[in-house]
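Knowing the structure of chain A, use the given hints to seat chain B on it.
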Amino acid sequence: MYNSKYVISGLVIFLAVFSYPFWGNLASKDYNGPKLSLPADQKQCIEPVEFMRAEHMTLLNQWRDSALRDGKRVYVASNGATWEASLQKTCMSCHTNKAEFCDTCHLENAVEPYCWTCHVPPKGNE
Amino acid sequence: MKRSRRQFLKVASLSVAGLGAQLAAGGMTKAAAAVKPSYKEDALALKAKRWAMVIDTREFASKEDFDACINACNHAHNIPNIPGKSEIKWIWKDAYEHTFTETKNKYQSKEIEDREYFMLCNHCENPPCVRVCPTQATYKLENGIVAMDYHRCIGCRFCMAGCPFGARSFNFTDPRPYIKDINPKFPTRMIGVVEKCNFCVERLDEGKLPACVEAAPGKIHFGDLSDPESEVRKLLEENYTLRRKPALGTEPGVFYII
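Those protein sequence lines, which keep their order, are chains A and B. Counting from 353, one number per residue, gives the positions in the first sequence under the numbering used here. Counting from 13, one number per residue, gives the positions in the second sequence under the numbering used here.
Excised from the complex, chain A in its bound form (with noise of 0.2 Å):
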């Protein structure tokens, strides 16, 4: 083999460069997700907490169809208890900071919902 110096420790090299994200995430520490303010004045979100954090898009996009659309302003959650379907009314009453409850998590994971160009956020927020 010609220059089989250069090439191994090129080899060797590009390896290590390549690799880095897998032995380096080894050595870091594990991920947490970002913390929250919850409303400290409420136990339960409106469904299971698994569901919400995962689905909420879903759900404020059939509660925005259901109430423009068919005038069915009421959701009947899956324990049976009954909310108006509202972003603004329902959601921020309890979420009354959006800076530390939206915000932390769309920015942790990189994601720009653009609800606020026109739902108000809480004036508690200001």
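These are calculated hints, taken from the structure and not from any lab test. Treat each hint with caution, since some may be false.
Unchecked claim - Covered, in the sense of this in silico footprint (three residues per stretch, anywhere, with C-beta under 8 Å from a C-beta of chain A), are these stretches of chain B:
id, region
1, 51 to 58
2, 160 to 174
3, 187 to 201
The C-beta atom is built at its ideal place from N, Cα and C for all residues, glycine as well.
This is chain B only, laid out in the frame that chain A set:
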């Protein structure tokens, strides 16, 4: 160990069946745990087959009479106060010849010609704006209201070209800075969407009359046009009324007692 072909197939098929059953059972419990949403109407909701408005124009004389309704609407719906050509209007007033463009006669009553008249979306039975909207952002509800879903509006302004009544406004700028006192119960709009009067569909759905009707008791009437016993039908029978541009055949739902 020696195993016959028959023995091997027995064990293999049993284990596949067992695995399949486990997966199916797991899937079923998962499906049962999933949330089944259901929606219903508010028990207080006001209902009609065809909502209509009757405005008693004889009752509106002073600027204060008009402003009471306009301000009530502006606050309820977070309507910005933008000066100049980019203004946003849901309900506004204008002169006789601008309101009833086809009915201007010679030697008419000076009092009627000098009066000012409310203008707003007419919530037509055959709304041209709905026909031209390419995204179904504007649509007709079963109760006759021509509503909008601002989420879907792409700002093409076909509806503004289609509306013969000039009832639609376009947000040329971000409206937020022009709203003095934001109502936290209603959204604002964003730059690049069209907006208009929604007959207060959000208030009707929770059992309240429209904001302008509430602000002018006895002057603006609201009710079901399809119900012969309703207040609006009685008013239409007892008084002479006009509608804007009836020849176009859009069948407006706003009537003016002259």
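Going through the hints against the structure:
1. Look at the region 51 to 58 of chain B against chain A: 5 of its residues bring a Cβ nearer than 8 Å to a Cβ of that chain, three or more, so the hint holds.
2. Residues of the region 160 to 174 of chain B with a Cβ under 8 Å from some Cβ of chain A number 3, which satisfies the need for three, so the listed coverage holds.
3. For the region 187 to 201 of chain B, the assignment as covered by chain A holds, since 8 residues bring a beta-carbon within under 8 Å of that chain's beta-carbons and 3 suffice.
Checked against the numbered hints above, the structure violates none of them.
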